[in-house]
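All chains, please: the whole structure from these sequences, using the hints.
Order-wise, the sequence lines are chains S and X. Take the first sequence: its position 104, counting from 1, is numbered 104 in UniProt numbering, and each next residue is one higher. Take the second sequence: its position 53, counting from 1, is numbered 53 in UniProt numbering, and each next residue is one higher.
Hints may be right or wrong, so weigh each one.
Stated by the list, open to error - Chain X side only, calculated, beta carbon under 10 Å to chain S, not exhaustive:
| no. | residue |
| --- | --- |
| 1 | Phe-88 |
| 2 | Ser-146 |
| 3 | Ala-205 |
As the list claims (entries may be wrong) - So the derived list for chain S, only partly shown, Cβ under 7 Å to chain X, looks like this:
| no. | residue |
| --- | --- |
| 4 | Ile-5 |
| 5 | Leu-41 |
| 6 | Phe-85 |
Hints in this document: simulated from the structure, not taken from any laboratory. Cβ coordinates follow ideal geometry from the N, Cα and C atoms, glycine included.
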Amino acid sequence: MSTWIAIGVTAAGCYLVKLLGLSVPAGALERPGIKRLAALLPVALLAALIAIQTFGEPGGHAPALDARAAGLGGAALALVLRAPFLVVVAVAVLLTAGARALGG
Amino acid sequence: MAEQTHIRAAAPEPSARPDAAVVRDALGVGVAVGLSGFAFGVTSAGSGLTLLQTCALSLLVFTGASQFALVGALAAGGNPLMAAAGAFFLGVRNAFYGLRLSQLLRLPRAVRPLAAHWVIDETSAVALAQPDRRAARLGFTVTGLSLYVLWNLTTLLGALGAAALGDPGAWGLDAAGPAVFLALLAPMLRTTAERATAGLAVVLALVCHPLLPAGVPVLVAALAAPVVLALHGRRTGRGDSARGGAVSERAAGDHKEGER
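As structure tokens, this is what we get:
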């Protein structure tokens, strides 16, 4: 049930901000400070999510270096080499699986 | 993108970009990103969400980063409202895409509530890259439609396939979520402020992770954005914005408008 609550709140919130952007008169959100913050917010959130989902251990343990780090390292390299989106994700998945198979 | 500039420069009038070229670009983005819904379906099912819940997310939320963030936080045992808050804050950027798209597309009032659902990274990128309104509308519609249909189909297939795959961790599929985030983040890291924000957010997240309940560290790390903005503003504001840590609009204005 609580999962459905989370889904409902996320769906409603995400839809409303999309509609807000399309509907407010131009200029209302155009203050440079707000624009800068809006640009930096996803940077902070994405970076935090990457760190937690790559190094975090569920259950309150200290961050750990495991097969996922190898996968993300590969994805980073693929990005530097300008690989397409799907290739980047595939590299991460395959390297993580490979590292695990080798006992990582 | 260089190709588009070239076409625009060569064309005698702005509306000369052929529809076929717009559709080709739009489908390329729609299909490539649409296919990664498979990774979401598998991740979501592996996080313990039911088939219905997984499909509801892709149908109703339809903004990938928020979806991955939500199932990740729920899988880690996070409070549902904390998890939703993290996903919501990631979705806030879509409001700013909408702002730019509304001026570009000039959609009729009746169409806006429908079009709003498709205002995401990919549709905005394609629409904003077009030389005129007609091409932008076409690019937005084709990207939105192809991405929406494929993303939901591949979500369904991924969630169904997850049951056959068993433990997604064994296949390395738990790395799909962070890899998607990395691919989204990489093009955002252009200025010092952006890199500093990312670095501070990583430190905050990893320090808070063992100490705070799941979902909360991401929200704490979000504070990296206003902190860096305030510090950056103070450093470049040169005296005229010494009003505490208030965000200096002048500093913000120092950055090029076309940057985003």
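Here's how the hints hold up against the structure:
1. Among the interface hints, the one on Phe-88(X) holds; its C-beta lies about 4 Å from the nearest C-beta in chain S, closer than the 10 Å criterion.
2. A least Cβ separation of about 15 Å between Ser-146(X) and chain S goes past the 10 Å threshold, and the interface hint is therefore violated.
3. Taking 10 Å as the C-beta cut-off, the interface hint given for Ala-205(X) holds, the closest approach to chain S being about 4 Å.
4. Annotation: Ile-5(S) was flagged as interfacial toward chain X, and the flag holds, the nearest CB pair being 5 Å apart, inside 7 Å.
5. The interface hint given for Leu-41(S) holds, since its Cβ lies 5 Å from the closest Cβ of chain X, which is under the 7 Å cut-off.
6. Proximity of Phe-85(S) to chain X holds as hinted, the smallest CB-CB distance being about 5 Å (cut-off 7 Å).
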